[in-house]
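> Spelled out from the first residue to the last, the chains are:
2 protein chains.
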Amino acid sequence: MKAPVRITGATRLYAIVGDPIVQVRSAEVFTQRFADEGIDAVLVPMQVSLDTFATIVPALMALGNLDGLLVTAPLKELLARYASRLGATAGCIGAVNALRREADGSWSGDMFDGAGFVRGVERKGERLRGRRVLLFGAGGAGGAIACALAEAGVRSIRIVSPDPLRNARLVAAVQGSFPDCDVASASARRDDIDMVVNASPVGMKPDDGLPGDIGRLTPDTLVGDVVVSEAPTALIRQAIDQGCRWVDGRDMHGGQIDAIMTFLAPRSSGARASG
Amino acid sequence: MKAPVRITGATRLYAIVGDPIVQVRSAEVFTQRFADEGIDAVLVPMQVSLDTFATIVPALMALGNLDGLLVTAPLKELLARYASRLGATAGCIGAVNALRREADGSWSGDMFDGAGFVRGVERKGERLRGRRVLLFGAGGAGGAIACALAEAGVRSIRIVSPDPLRNARLVAAVQGSFPDCDVASASARRDDIDMVVNASPVGMKPDDGLPGDIGRLTPDTLVGDVVVSEAPTALIRQAIDQGCRWVDGRDMHGGQIDAIMTFLAPRSSGARASG
Chain F
6 MKAPVRITGA TRLYAIVGDP IVQVRSAEVF TQRFADEGID AVLVPMQVSL DTFATIVPAL
66 MALGNLDGLL VTAPLKELLA RYASRLGATA GCIGAVNALR READGSWSGD MFDGAGFVRG
126 VERKGERLRG RRVLLFGAGG AGGAIACALA EAGVRSIRIV SPDPLRNARL VAAVQGSFPD
186 CDVASASARR DDIDMVVNAS PVGMKPDDGL PGDIGRLTPD TLVGDVVVSE APTALIRQAI
246 DQGCRWVDGR DMHGGQIDAI MTFLAPRSSG ARASG
Chain R
6 MKAPVRITGA TRLYAIVGDP IVQVRSAEVF TQRFADEGID AVLVPMQVSL DTFATIVPAL
66 MALGNLDGLL VTAPLKELLA RYASRLGATA GCIGAVNALR READGSWSGD MFDGAGFVRG
126 VERKGERLRG RRVLLFGAGG AGGAIACALA EAGVRSIRIV SPDPLRNARL VAAVQGSFPD
186 CDVASASARR DDIDMVVNAS PVGMKPDDGL PGDIGRLTPD TLVGDVVVSE APTALIRQAI
246 DQGCRWVDGR DMHGGQIDAI MTFLAPRSSG ARASG
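Taken in sequence, the protein lines are chains F and R.
Adding 5 to a residue's 1-based position in the first sequence gives its number in the numbering used here.
Adding 5 to a residue's 1-based position in the second sequence gives its number in the numbering used here.
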């Protein structure tokens, strides 16, 4: 049973900023979460283009009753400029998808695309510490996941990307922020792996195959895929066939909502599973 | 039965701007009206101070999915500066309480404090055309009501105010905008009256008396009072005693909500009584 949504003069505001904006699900999802948790707040969509971003976003941050901002791609790097403080992942890749107003009026930002993946894995009871990861994709999602995995204590990350410059940049960024994690391009050093993660778009189309050479899966291999699709992707199907544990785009998405709730409204129950 | 409020990425935004903002009822009232009428829109509170007004309001007007703005006192004169087009009452007194985005992207503004009063009178089936009005108060409410009454075709308005300069200014403004209406300070020309309106704060305190010398009420005199109070004001009690027809602050408030709904969302049923 969903709690009714109410808006009064005392309701606190959060905004999801982007252009186009009509397709975003966050407005509905977070507004309902606020209502269900008895928090007098709503998340409203705000259509802000690349051209108007630099005018509108600082003005929104000056609204006395606005406590946080989310953004859609490709605004995540821009929004990072407005944070007075960045979380580890955001600092590593220079992008945020959420800003939060602190009690002193300053703004903290962080990137939850990777934290959502990590939380999705943890919610399934899987261990990350010590894992040796093969990661496909060095774009926005790949970067966020690489940082979040490093932060979660994986032993090594090998990155596969069709863009060598982007790949090298991500390797350097993660090395700089997380020196305890052994990170390299997979074409440089492959080594043994016990976790395969797809953070590339491969799998979004029904007839897509695997994102690349995933090597040999064993039942000990943990498989993750950021793609949200009706039917399991080729990678997830292979994981199921080999008896591996796996997390898919839905698990990551659920974990991300929880992680962002905890960040935006610390007194929320976002830390618990939302089902 | 109230319709449930939903917010999605496609929801259109309206804002009520002011500081403080927690006390405003518009957010709840209009959001529920939108829901009840099947309009996918919400009215959200936005805390904007005098200091931040000039930065934030233009930015809000640049939001691609924001279709209208309301303001609380004392921001009504400021907001009028941002309209490309003013309604008759707004043009007369130089203040608006609502801005609406037009299809071509321009912004129209108008002042509904007086229109609400007129609509409240009309909803009770009373005639305004040809009335000779004695009006107490030349402030924001008094000015808006004087204009709206002149626009509705009253024959004359005599204004009573403790501030002679404000009184003279309002007389001049209404004369300029509505030359067909005979408007003057009541201390200059009293004449016969068949309508008495209180737009002053007198009556807000339970032991307040009448707003001034109301002359002799007859059953033909229409009595109006903008004050919203638990018990009837002294003026309304006198109207009841003399068998007059009357409208009070609640009638005006209901009329105002309808008038603003019609303005903000022309496809709404605001033109009809909302009960």
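Derived from the structure by calculation, the hints contain no laboratory data.
Check before you lean on any hint, since a few could be wrong.
As the list claims (entries may be wrong) - With the Cβ distance kept under 7 angstroms, some of the chain F side facing chain R (calculated, not the full set):
#1 Val10
#2 Val29
#3 Glu33
#4 Val34
#5 Val47
#6 Gln52
#7 Ala59
#8 Thr60
#9 Ala67
#10 Gly69
#11 Leu170
#12 His258
Claimed, not checked - If you want the ones that stay clear, here's a sample from chain R, every Cβ over 10 angstroms from chain F, calculated:
#13 Leu71
#14 Gly130
#15 Gln180
#16 Asp197
Every residue, glycine too, gets a C-beta built ideally from N, C-alpha and C.
> Look at each hint and say if it fits the structure.
Hints and how they fare:
With a least beta-carbon distance of about 4 angstroms to chain R, the hint placing Val10 (chain F) at the interface is held under the 7 angstroms criterion. Annotation: Val29 (chain F) was flagged as interfacial toward chain R, and the flag holds, the nearest CB pair being 4 angstroms apart, inside 7 angstroms. The closest approach between the C-beta of Glu33 (chain F) and any C-beta of chain R is roughly 5 angstroms, which is under the 7 angstroms cut-off, so the hint is satisfied. At a threshold of 7 angstroms, the smallest CB-CB gap from Val34 (chain F) to chain R is about 10 angstroms, leaving the interface hint violated.
The beta carbon of Val47 (chain F) comes within 6 angstroms of a beta carbon in chain R, closer than 7 angstroms, and the hint placing it at the interface holds. Here the hint on Gln52 (chain F) is kept, as its CB sits about 3 angstroms from the closest CB of chain R, short of 7 angstroms. Residue-level restraint check for Ala59 (chain F) is violated (minimum Cβ-Cβ distance to chain R is 10 angstroms; threshold 7 angstroms). The criterion of a C-beta within 7 angstroms of any C-beta in chain R is met by Thr60 (chain F), whose closest approach is roughly 6 angstroms, and the hint holds.
Taking 7 angstroms as the C-beta cut-off, the interface hint given for Ala67 (chain F) holds, the closest approach to chain R being about 5 angstroms. Evaluation of the Gly69 (chain F) hint against chain R yields a held restraint, the C-beta minimum of about 3 angstroms falling below 7 angstroms. Given hint, Leu170 (chain F) at the interface with chain R, is violated; its Cβ is 34 angstroms from that chain's nearest Cβ, farther than 7 angstroms. With 7 angstroms as the threshold, the beta carbon of His258 (chain F) stays out of range of chain R, its nearest partner Cβ sitting at about 15 angstroms, so the hint is violated.
At roughly 8 angstroms from the closest C-beta of chain F, the C-beta of Leu71 (chain R) falls inside 10 angstroms, breaking its exclusion from the interface. Separation of Gly130 (chain R) from chain F is adequate, the least Cβ-Cβ distance of about 33 angstroms exceeding the 10 angstroms criterion. Separation of Gln180 (chain R) from chain F is adequate, the least Cβ-Cβ distance of about 38 angstroms exceeding the 10 angstroms criterion. Taking the minimum C-beta to C-beta distance to chain F, about 44 angstroms, the non-interface status of Asp197 (chain R) holds against the 10 angstroms cut.
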